[in-house]
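Each chain, written out:
4 protein chains.
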Amino acid sequence: MIKTAIIGASGYTGLELLRILALHDKAIVTAVTSRQYAGKQVTEIFPSLIGHYDEMTFIEPSEIRDVDAELFLCCLPHGTSMEAVPILLKAGKKVIDLSADYRIKDVATYEKWYQAHSSKDLIAEAAYGLPEVFGRETIKNADLIANPGCYPTGATLALAPLVKAELIKNSSIIIDAKSGVSGAGRTANIATSFMEIAEGFNAYKVGEHRHTPEINQSLGLLAGAEVSVTFTPHLLPIKRGILSTVYADLKDTGSHTTASLLEVFRQNYADEPFINICEEGVLPNINEVAGTNNCSIGLKLDSATGRVVVISVIDNLVKGASGAAIQNMNIIYGLCETTGLISVPL
Amino acid sequence: MIKTAIIGASGYTGLELLRILALHDKAIVTAVTSRQYAGKQVTEIFPSLIGHYDEMTFIEPSEIRDVDAELFLCCLPHGTSMEAVPILLKAGKKVIDLSADYRIKDVATYEKWYQAHSSKDLIAEAAYGLPEVFGRETIKNADLIANPGCYPTGATLALAPLVKAELIKNSSIIIDAKSGVSGAGRTANIATSFMEIAEGFNAYKVGEHRHTPEINQSLGLLAGAEVSVTFTPHLLPIKRGILSTVYADLKDTGSHTTASLLEVFRQNYADEPFINICEEGVLPNINEVAGTNNCSIGLKLDSATGRVVVISVIDNLVKGASGAAIQNMNIIYGLCETTGLISVPL
Amino acid sequence: MIKTAIIGASGYTGLELLRILALHDKAIVTAVTSRQYAGKQVTEIFPSLIGHYDEMTFIEPSEIRDVDAELFLCCLPHGTSMEAVPILLKAGKKVIDLSADYRIKDVATYEKWYQAHSSKDLIAEAAYGLPEVFGRETIKNADLIANPGCYPTGATLALAPLVKAELIKNSSIIIDAKSGVSGAGRTANIATSFMEIAEGFNAYKVGEHRHTPEINQSLGLLAGAEVSVTFTPHLLPIKRGILSTVYADLKDTGSHTTASLLEVFRQNYADEPFINICEEGVLPNINEVAGTNNCSIGLKLDSATGRVVVISVIDNLVKGASGAAIQNMNIIYGLCETTGLISVPL
Amino acid sequence: MIKTAIIGASGYTGLELLRILALHDKAIVTAVTSRQYAGKQVTEIFPSLIGHYDEMTFIEPSEIRDVDAELFLCCLPHGTSMEAVPILLKAGKKVIDLSADYRIKDVATYEKWYQAHSSKDLIAEAAYGLPEVFGRETIKNADLIANPGCYPTGATLALAPLVKAELIKNSSIIIDAKSGVSGAGRTANIATSFMEIAEGFNAYKVGEHRHTPEINQSLGLLAGAEVSVTFTPHLLPIKRGILSTVYADLKDTGSHTTASLLEVFRQNYADEPFINICEEGVLPNINEVAGTNNCSIGLKLDSATGRVVVISVIDNLVKGASGAAIQNMNIIYGLCETTGLISVPL
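Residue numbers (my numbering), protein chains in the order written: chain A, 6 to 351; chain B, 6 to 351; chain C, 6 to 351; chain D, 6 to 351.
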């Protein structure tokens with residue numbers, strides 16, 4: 006059994022890791038930290054875990070050094086994560102970091118969009134944990150995984166086959182993304198209250214969301230050139246899920262059909278256990294992946310304009326965060342990649 | 006008092022007309038037709054109208070000829086509307102048609118996207134009822150109003166100032182629209198059941214929604230040239246409202262700011278009672294216009310890509326249908342345009 | 006025009022008063038106080054009010070003495086209200102207090118369920134503002150109105166005809182009430198976040214909710230004897246509305262039918278503009294009164310057990326708070342009682 | 006592997022059986038029938054099952070005789086089920102019937118509340134599948150299981166310990182139950198559309214719901230005397246779950262506390278893997294059991310009235326239907342009772 010500890014477990018990604026690991030055959034959770042809830046029972050804060058963690062209590066972050074675990078799943082906010090991770094690595098632990106701190110390879114870009122970075126030297130060592138796009142090799146051998154952001158996961162999975170095959174004009178890429186409320190985190194806030202969210206819908210941080218440089222980085226790596234997308238996030242009145250509607254102009258509008266483009270996706274993701282390519286004429290619904298590590302992708306060629314419209318859906322808390330972390334854990338430890346991650350949505 | 010009759014009043018646009026006219030000072034409803042509910046009390050089918058239409062009963066469509074009314078609000082589906090409207094006009098009545106039958110000026114385009122047209126000669130006479138974009142003159146003098154579609158209303162209001170001022174490349178226009186469930190109509194259907202809609206979200210009819218040619222027509226008129234947009238509708242898990250996120254490449258990227266573009270909108274809609282332009286840094290939420298005839302518009306210049314992102318919100322049943330119809334009625338009868346249409350959202 | 010001021014206007018009852026008064030013919034709002042938002046524009050905090058209060062700014066509570074108003078609508082929390090009200094009355098103002106501070110006539114009972122009372126002498130002067138049950142006389146002549154609680158309004162309207170007619174065993178009364186989230190107030194709280202509320206439902210404060218003594222007081226007054234009910238509130242995943250399911254054993258089970266009991270209600274509330282008694286076989290839905298000052302009541306005799314089951318629905322923010330306050334204002338000023346309170350639910 | 010077939014699999018209980026059995030270690034589904042969808046792929050109708058039943062197609066009910074299965078899970082509506090079950094039993098199959106047809110032991114009672122019964126002789130043979138209340142013995146040895154109704158499961162689990170211990174006056178029992186929309190079945194119906202359900206709430210079939218005699222039967226068996234409850238179902242705007250608020254007068258009001266009553270429940274259900282008794286002061290939320298086979302129970306003594314208020318929550322599709330069916334299957338086949346039924350709610 007792999008012994009894991011979850012740092013900063015009071016939020017939704019921590020809860021989601023606990024949910025997934027509760028039924029994982031090869032890994033257990035030995036400790037969870039939370040400044041806010043230290044000393045409280047896990048099941049008192051999260052009654053949905055009753056029957057699975059009845060004996061577990063949140064501990065102080067400072068107690069982490071005494072924890073019997075080899076893998077640390079770090080759910081701290083960016084900025085805080087870069088303080089904790091170096092200590093864990095120095096102690097010989099493996100770390101999967103769910104924050105943004107080690108995702109952006111270019112320090113100046115990170116510091117422009119986020120803040121000053123206090124452990125720059127570790128950025129190069131971190132493996133970006135999106136195996137469907139960048140493969141398993143670097144993940145397998147890394148001590149530090151930078152777990153991808155939720156929006157970048159949905160957008161990159163929807164665009165990678167097209168960018169890799171050089172089918173689209175990269176300067177034309179627009180990502181119109183819609184996320185469930187869990188993406189906003191678990192904090193007391195009138196803006197995410199039921200009263201504000203139910204029967205509401207809005208865009209936010211247009212052109213200035215911090216996931217933009219992460220998307221640009223991944224697409225740029227695939228393109229071998231700088232890419233700059235327009236990215237517009239919206240807040241959906243649902244709990245979970247991101248639907249990304251992606252627009253791009255085809256380079257050669259005459260030589261494609263919806264079917265031929267779907268075939269590009271199907272071949273690209275042929276061996277991927279978590280990716281489903283929809284039949285022609287079918288578009289994915291966000292509720293088909295809720296609670297799962299799956300990504301479902303459909304598309305349509307808009308022949309009147311020569312644009313391709315790709316639509317991907319993921320659960321932002323699973324494939325967009327905690328599920329991807331466990332998938333990366335499975336890769337690191339040589340387990341079957343789907344261990345603990347097979348589920349059927351309600 | 007203007008005597009009005011509502012034809013095909015069993016759906017949401019009919020119910021919405023009844024709701025608005027219940028509190029209108031200068032108009033009353035004298036009859037409502039419904040094949041499905043003929044003989045039933047209006048308040049039995051729509052308990053929300055108790056206290057306002059307690060004595061009114063749905064009548065058969067065939068009884069319409071005996072109705073004492075001068076203005077007919079036609080809520081029939083397209084195809085059926087074109088059968089009813091010519092008879093009413095011949096009888097000297099005024100008609101506001103909420104279907105698509107008289108919106109598209111080019112018959113071939115109508116017949117390509119919808120069906121064969123049986124009263125083509127009336128198309129030219131019909132005034133397209135979007136006064137904020139095309140003015141009041143033709144509406145004022147028309148016997149037949151083609152009331153705009155819900156998606157076209159939201160998209161055209163978001164784009165008209167930019168197209169008129171020739172600020173954007175019209176070939177680059179992308180409209181990513183999200184509508185509440187009432188847009189799907191009031192019919193028994195598993196696809197619009199609570200079980201399917203709640204916690205769900207999906208795109209549909211990508212590149213093939215029937216509102217596309219209506220949007221192209223309006224923008225083409227403003228541009229003085231053919232326009233072909235990419236239009237992607239989505240289905241939101243809310244009851245009312247359309248949020249349209251509109252993307253376009255600026256012709257001259259260097260000479261604009263978010264503030265200067267907002268000023269273009271502000272001047273363009275300066276005298277419009279139902280249009281609100283947001284302050285810089287503010288984006289509209291769909292819940293701010295629910296139940297009202299208002300349209301709220303915000304925008305952002307994405308300086309990294311030279312694209313402008315405009316966001317408009319309307320209530321699809323009010324400004325997108327029945328409220329616009331009453332606004333057009335007010336114009337026809339020389340009333341203050343806001344009569345019966347001032348409300349504060351819940 | 007009646008000049009009104011709203012004290013403590015940052016919550017849902019304050020917003021609701023602003024919404025209703027925006028369209029009231031005979032009253033205007035001259036000032037709104039809010040410690041939290043003092044200095045901010047009303048429409049910045051509440052965008053739904055754009056177009057109605059564009060020039061209004063929240064002021065500090067301390068500035069209230071300089072406000073030009075004759076009627077003060079007090080939305081402060083209990084405990085705080087009893088500090089502000091005596092000052093206003095001394096200054097010759099009229100006050101409608103939406104808190105619990107002047108509802109409970111028995112000081113010991115108030116102090117047991119709430120806290121120490123600092124202006125006990127005013128309790129006797131306060132008129133309890135539920136005109137459908139206790140008439141208009143005391144309201145008309147009062148300078149201080151204790152506006153009823155939301156749960157007590159729904160429960161008392163459902164029970165008053167039965168208690169007054171002495172048809173039920175008062176010791177058998179059970180009130181199972183379900184409220185929308187707005188009842189919990191407008192505060193940042195994980196417990197009322199969309200994530201916790203959507204797809205959830207729970208009972209709370211069983212047997213210990215503070216509205217219990219208020220219900221007991223009203224029913225006791227009608228019965229001429231002490232009444233002690235079982236009251237169980239629940240939290241519904243909707244924004245507005247309270248549905249109260251009330252159970253009581255009939256004294257004489259043999260002499261009633263559902264129809265005869267409905268007739269008791271119909272006669273009791275014959276002249277009430279805001280109360281609707283459902284037809285036999287029809288039960289009210291909470292969505293039929295959303296946004297209105299109406300109360301709709303249905304009932305069923307459970308002949309197998311000799312129990313009557315009465316179901317009432319109100320909008321907790323309107324008839325359960327701010328609408329009732331305006332109704333009381335209309336009574337005080339001799340206006341038609343429905344002024345500003347006629348609306349049709351969406 | 007146990008080979009199972011699902012009859013009438015086009016509804017929510019059929020879908021739920023497919024969901025649960027997809028991950029069951031010891032059982033597989035070999036066939037699914039559906040008149041409506043015969044010939045269609047399972048994953049076309051239920052995209053949430055993609056990856057699990059990709060090769061499976063719905064077959065005609067008439068093809069059931071050729072199916073290779075030993076256990077038939079029958080999801081037909083009542084009336085239809087009694088036609089199919091005798092044929093299967095005669096063919097030597099085991100049947101778990103999710104309809105009401107074999108739940109009511111007294112034929113006259115069944116025929117009064119439902120319809121004429123065409124296979125009365127089998128009623129006595131059927132084992133009522135609520136093991137937590139009536140034990141495992143009869144289930145283990147039965148060829149036909151009458152799987153309990155959803156409301157009866159929630160209500161009976163909440164009342165059994167009190168009735169068995171003779172602590173309450175059985176004539177005083179009131180069950181105020183609230184169910185998610187899935188309880189209404191998967192049919193196209195305006196009444197269960199998102200537009201009607203969202204932001205709505207109502208009671209229905211007060212005093213006349215068909216689950217009433219089933220509840221009376223179970224409590225009567227435990228009491229050794231006739232019991233007649235008042236049962237009021239309500240429709241919640243959520244997908245899944247039933248919360249039952251149960252009221253009963255204690256026989257001896259002086260000798261109990263909330264803690265002592267909780268202890269009665271705790272001892273009664275001490276060995277039950279799916280039942281959780283809440284701590285004193287804690288009440289269960291419906292979202293804690295969504296997607297699970299669990300029942301969580303909390304209670305409060307209302308000392309002012311001598312009534313106990315018990316609150317139970319279940320997922321109506323799992324413990325209230327398909328999960329209970331799999332639990333019964335596990336018992337029949339001597340498997341660990343929790344096989345395939347351990348899950349953590351989202």
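Calculated directly from the structure, the hints in this document are not laboratory data.
Just so we're clear, the structure is a prediction, and the values are computed from it rather than from any experiment.
Some clues are possibly wrong.
The list treats identical chains as interchangeable, and a pair is accepted whether it falls inside one copy or across any two copies.
DSS-like mimics (lysine-lysine), calculated; alpha carbons at most 25 Å apart, straight line [to be verified]:
| # | residue 1 | residue 2 |
| --- | --- | --- |
| 1 | Lys169 | Lys98 |
| 2 | Lys45 | Lys210 |
| 3 | Lys210 | Lys256 |
| 4 | Lys145 | Lys256 |
| 5 | Lys169 | Lys125 |
Original post:
How would you label the pair lysine 45, lysine 210 (within, between, both, or neither) given a Cα cut-off of 25 Å?
Top reply: between (36 Å within a copy, 22 Å between copies)
Original post:
Is the C-alpha distance from lysine 210 to lysine 256 at most 25 Å within one copy, between copies, in both cases, or in neither?
Top reply: between (30 Å within a copy, 24 Å between copies)
Original post:
Is it within, between, both or neither when you check lysine 145 against lysine 256 at 25 Å Cα-Cα?
Top reply: neither (36 Å within a copy, 48 Å between copies)
Subject >> Intra/inter-copy verdict for lysine 169 and lysine 98 if alpha-carbon distance must be at most 25 Å >> reply: neither (35 Å within a copy, 55 Å between copies)
Subject >> Intra- versus inter-subunit Cα pairing at 25 Å for lysine 169 with lysine 125 >> reply: Neither: 29 Å inside a copy, 50 Å across copies.
Checked against the numbered hints above, the structure breaks hints 1, 4 and 5 and satisfies the rest.
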